[in-house]
Amino acid sequence: MTKPLLSLSNLSVSYGKVEAVRGVSLEVFAGEIVTVIGANGAGKSTLLNAAMGILPAVGEQTFDGASIGRLEVEDRVAAGLSLVSERRELFSSMSVEDNLRLGAVRFSEREAQARMAGVFDRFPRLKERRRQEAGTMSGGERQMLAMGRALMAGPKVLMLDEPSLGLAPRIVADIFTIIEDLRKSGVAILLVEQNARAALNAADRAYVMELGEITMSGKAADLANDPQIERSYLGLH
Amino acid sequence: MDLTILLFLVQDGVTNGAIYALLGFALVLVFAVTRIIFIPQGEFVAYGALTYAMLQAGHVPGTAYLLPIFALIALLFDLYAERSRITGGFLIRQGIEKIVVPLALLFAARELAGVSTIASLVLTVAIVSALGPHLYRIAFQPLADRSVLVLLIAAVGTHLALTGLGLVFFGAEGLRADALTDFSVDLGPLPVSGQNIAVYAATLLLIAGLYWFFERTVQGKALRATAVNRLGARLVGIRTKGTGKVALALAAGIGAVSGVLLAPMTTIYYDTGFVIGLKGFVAAIIGGLASYPLTAAAAITVGLIESFSSFFASDYKEVIVFTLLIPVLLVRSFTGKHTEDED
Chain L
130 MTKPLLSLSN LSVSYGKVEA VRGVSLEVFA GEIVTVIGAN GAGKSTLLNA
180 AMGILPAVGE QTFDGASIGR LEVEDRVAAG LSLVSERREL FSSMSVEDNL
230 RLGAVRFSER EAQARMAGVF DRFPRLKERR RQEAGTMSGG ERQMLAMGRA
280 LMAGPKVLML DEPSLGLAPR IVADIFTIIE DLRKSGVAIL LVEQNARAAL
330 NAADRAYVME LGEITMSGKA ADLANDPQIE RSYLGLH
Chain A
61 MDLTILLFLV QDGVTNGAIY ALLGFALVLV FAVTRIIFIP QGEFVAYGAL
111 TYAMLQAGHV PGTAYLLPIF ALIALLFDLY AERSRITGGF LIRQGIEKIV
161 VPLALLFAAR ELAGVSTIAS LVLTVAIVSA LGPHLYRIAF QPLADRSVLV
211 LLIAAVGTHL ALTGLGLVFF GAEGLRADAL TDFSVDLGPL PVSGQNIAVY
261 AATLLLIAGL YWFFERTVQG KALRATAVNR LGARLVGIRT KGTGKVALAL
311 AAGIGAVSGV LLAPMTTIYY DTGFVIGLKG FVAAIIGGLA SYPLTAAAAI
361 TVGLIESFSS FFASDYKEVI VFTLLIPVLL VRSFTGKHTE DED
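If you read the sequences in order, they're chains L and A.
The first sequence begins at 130 in this note's numbering and counts up one residue at a time.
The second sequence begins at 61 in this note's numbering and counts up one residue at a time.
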C-alpha cells in the first residue's frame, strides 16, 4: 500500500484554554482531492493553519515520509506543502507579476519565468492583468492569484481554505474546474469548504468536522448520499 | 545678507540635508521591513564616524571589539532557540557568521589601522554594518510579532544601551577625521570641497541603489513583500526572520557611510548620533515612513531650514527644526493614510 503524502495523526490545537482542534487524524495521498467540510467554527481553518506550521500543534505530522512537526512554515513550503489561506494573504500593493515571482522566491529567474508561463496558461486572466496591483482586483481574480502564487512554489500538496468564499456562483464553478485540472496535473489537494455540495462533488474522500473533532469520514460520493450529511450540510432540496 | 552668504547657507543646508536623507532612508527601510521605528540609527552614525576617525588615526576602534561580543551573544541566543534541531550545517553557518567573520574583522582592524583612507573606509562600513544583524537578533527578533509600540520601546532601550556602550568603547572625547580628499573647486564665489561632492554622490548613489534593490531584485521584492504582508511572505517561503537582519545590516551600513561622510565636517562624540538621527527622523516622518523621494525632499528642507535658522536665530535652530514636525503631523493626521496594509 502506498504511503500518504500528508498525514496528521491525533493532532490538537489550542487557543489558550480552548481546544479548537481535538485529536484529529487525516491523510492525503498523491493524486487525491480530499475535503474537510463542517460548519463555521468547526476548526477547519485552524487545522490547515496547524498543518502549515502557522499555529503550534500537538500530535504527529508527516509529509512525504518525513516528520514535519518541528519545521517552520518556510521549510514546509520548501518541502512541497502550500496553503492558500482564506484571507488570500496577497501582497496587495505589488503587481500580479511580482506576487507570482515571489511565489517562486527560492528559484532562479529563469525557472520562475518558466513556472509563471505555466500559471498564465492555467489562469489567462492573470496574464491580462500582470501589471495590475493585486489589491485592486476582484475577489475571483485575487483567489486565482493566490492559487497561482502557491503553485509557483511547485507544491505536492496544495491546501485550499474556503476558495469559494464570497465569490459569485459562476466563478465558484471556474475555481472548482481549476481544482480538478490541478489534480490531473499531479497536485494533491486538501480542500476546506463550507460549500459542502461543491466540495463533495469535486473530492474523492471527505472528512466531516464538528466542534474540533472528525465525526465522519469516507468516500465523498458516499457522504454526499448520507441522510445525516444531507440534512446538516447540504440543505433539503 | 549678500549672495555669498546665501550660497554658503544653501550649500551647508543641502550637504547636511543629504546626510539627513541617508538617515531618513535607513529609518524608512527599517520601518517598512520590520515595523520598528529605529531610534538607534543615530548611534550607527556616531559609531561609523568614531570608528573611521580612530582607524584613520591608527588606533583599533572599540567597535572592532564590540562586534565579536555582540556576535557571541547572538550566537548564544540562536543556539538556545534552535537547541532541539541543531545540525552540522547550522553550526558551520553560525560559526562562520558569528565567530569567524567578527574575529577576522577585528584582526583586519588591528593590522590595517592607519594604513590608508580606503582601508579605513571599507573596514568602518564592514564592522558597523556587521553589528546590525546581531543587534536585531538580540534586541528585536524575540519581539518580531509584537506591536509597533512594543518595538518602539525596544528601540528606545537599544538607543540608550548603544549610547552607553559608545561611552565605554570610545570614551567621552570627541573625534574628528581628516577629509576624504583635498580636492576643491570654485563655483563662482562658492568653494565646493571634495567632501561636499562625496556627500552628494553617496546620497544619489544610495537612492539609485535602494531603488534598484527594491524594484528590480527578488531579494528586494521579498523585503517589500514582508513589509506588506508578513504571513503572506511566510506562506511563499520567504524567511521573514532573515529579512529583519538584512534590513538592519543595510541600515547600519547606511549609518556607517553617513558617519564617514560626517566625521571630517564636525566633531563627533559618542552621543552626537541621537540629535542627527532625530533630524533624519523628522524627514522620514514627513515622508510618512514610506516614501524615499519624499523623505529626500523633506531632509533637504530640514537641512536648509536648519542652516538658515542657525544664521538668523542660532540659539533656536533645533527648536525651529523640530517645531516643523507639529504642522506636518497635524496635516498627516487629517489626511490619514496609514502604512498598515491588509488584503
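Note that these hints are calculated values from the structure, not bench results.
Glycine included, C-beta positions come from ideal geometry on N, C-alpha and C.
Be aware that one or more of the hints could be misleading.
No farther apart than 30 angstroms at their CA atoms in a straight line, the calculated lysine-lysine pairs in the DSBU-like style are these [unchecked claim]:
{"hint": "1", "chain 1": "A", "residue 1": "K301", "chain 2": "L", "residue 2": "K285"}
{"hint": "2", "chain 1": "A", "residue 1": "K301", "chain 2": "L", "residue 2": "K146"}
{"hint": "3", "chain 1": "L", "residue 1": "K348", "chain 2": "L", "residue 2": "K285"}
{"hint": "4", "chain 1": "L", "residue 1": "K285", "chain 2": "L", "residue 2": "K132"}
{"hint": "5", "chain 1": "L", "residue 1": "K256", "chain 2": "L", "residue 2": "K313"}
{"hint": "6", "chain 1": "L", "residue 1": "K146", "chain 2": "L", "residue 2": "K348"}
Here are a few chain L residues that sit away from chain A, every Cβ distance over 10 angstroms (derived from the structure) [stated by the list, open to error]:
{"hint": "7", "residue": "Y144"}
{"hint": "8", "residue": "A243"}
{"hint": "9", "residue": "A282"}
{"hint": "10", "residue": "A350"}
Now the hints, each set against the structure:
no., hint, result
1, K301(A) with K285(L), "holds, 25 angstroms"
2, K301(A) with K146(L), "holds, 28 angstroms"
3, K348(L) with K285(L), "holds, 22 angstroms"
4, K285(L) with K132(L), "holds, 14 angstroms"
5, K256(L) with K313(L), "holds, 22 angstroms"
6, K146(L) with K348(L), "violated, 34 angstroms"
7, Y144, "holds, 16 angstroms"
8, A243, "holds, 15 angstroms"
9, A282, "violated, 6 angstroms"
10, A350, "holds, 32 angstroms"
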